[in-house]
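Here the protein sequences line up with chains A and B, keeping their order.
Heads up: the first sequence begins at 1 in this note's numbering, then just goes up one per residue.
Heads up: the second sequence begins at 1 in this note's numbering, then just goes up one per residue.
Check the hints yourself; a few may be wrong.
Since the list gives no way to pick out one identical chain from another, each pair is judged satisfied if it fits inside one copy or across any two copies.
[As the list claims (entries may be wrong)] Distance condition first, Cα-Cα at most 20 angstroms in a straight line; then the derived DMTMM-like pairs of lysine to aspartate or glutamate:
#, residue 1, residue 2
1, Lys130, Glu114
2, Lys130, Glu40
3, Lys130, Asp38
4, Lys110, Glu91
Derived from the structure by calculation, the hints contain no laboratory data.
There are 2 protein chains.
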Amino acid sequence: MKKQPTGMPKFRPKKPLRLSRHPEPGYVVGGRVWLAKDGELYMGWGRAILLERIEQYGSIAAAARSMQLGYRNAWLWVRAMNRLAPVPLVEKTTGGPGGRHSRLTEEGYKALREYKELRTRFQDFLSAEKE
Amino acid sequence: MKKQPTGMPKFRPKKPLRLSRHPEPGYVVGGRVWLAKDGELYMGWGRAILLERIEQYGSIAAAARSMQLGYRNAWLWVRAMNRLAPVPLVEKTTGGPGGRHSRLTEEGYKALREYKELRTRFQDFLSAEKE
Chain A
1 MKKQPTGMPK FRPKKPLRLS RHPEPGYVVG GRVWLAKDGE LYMGWGRAIL LERIEQYGSI
61 AAAARSMQLG YRNAWLWVRA MNRLAPVPLV EKTTGGPGGR HSRLTEEGYK ALREYKELRT
121 RFQDFLSAEK E
Chain B
1 MKKQPTGMPK FRPKKPLRLS RHPEPGYVVG GRVWLAKDGE LYMGWGRAIL LERIEQYGSI
61 AAAARSMQLG YRNAWLWVRA MNRLAPVPLV EKTTGGPGGR HSRLTEEGYK ALREYKELRT
121 RFQDFLSAEK E
């Protein structure tokens with residue numbers, strides 16, 4: 001049994017408007033935050049999870065499967081991120097133990113960390129709105 | 001020529017990922033914010049625009065048309081907001097000059113104002129992230 005990635009809740013791609021599994025009484029402030037470049041989506045919630053899973057599983061295909069994302073979409077996301085980033089975020093490796101064949105670059109780790117930090121600040125904003 | 005509602009930019013329902021009409025160099029932080037109740041969407045960007053247009057045009061049908069939203073969707077949004085709010089946000093009127101037949105209640109104005117204030121604080125958050 002592979003362990004779940006930590007630090008981020010489970011990715012639920014199919015239910016974008018299902019805002020809470022355990023509805024709270026009263027109103028809840030929800031939101032999303034992303035990074036764009038030249039009017040194109042660069043980094044968001046799903047892409048950050050994808051990067052995290054690529055690091056975990058060592059392959060785009062396995063990462064995509066783990067989050068019920070089609071391989072083609074995963075590949076297009078990676079391609080877009082690599083194109084929009086200053087240097088690529090994901091690189092191929094030449095085989096190795098366990099059949100790993102993709103991994104994050106230094107820039108990939110940095111982009112992931114920065115997005116998660118942004119998201120934490122955003123969660124703080126939402127929490128402050130909640131009361 | 002009806003005047004455009006003020007205070008909110010033009011609603012563009014068809015291009016959710018088109019983040020900027022005039023791409024800026026570098027990365028831009030974007031986002032959305034909404035209110036939910038019992039796990040259901042209560043108030044968001046599109047619904048706030050709809051309320052504003054209902055007030056402007058005096059009818060759900062005209063409001064929907066003005067933002068290229070199907071009448072059925074507009075009606076469902078209004079129904080959901082009315083159900084989730086403490087008291088209805090939109091009420092029918094009994095005819096009157098200009099054929100107006102829907103308007104915001106006091107609670108409707110309040111909900112709209114509060115969402116716009118939330119959105120302003122969120123824009124401030126995004127601006128602070130931008131630099």
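Now the hints, each set against the structure:
1. Lys130 / Glu114: Classified as between; 13 angstroms across copies, 24 angstroms inside a copy.
2. Lys130 / Glu40: between (30 angstroms within a copy, 16 angstroms between copies)
3. Lys130 / Asp38: Intra 33 angstroms, inter 14 angstroms, cutoff 20 angstroms: inter-copy only.
4. Lys110 / Glu91: This pair counts as within: shortest intra-copy Cα distance 14 angstroms, inter-copy 51 angstroms.
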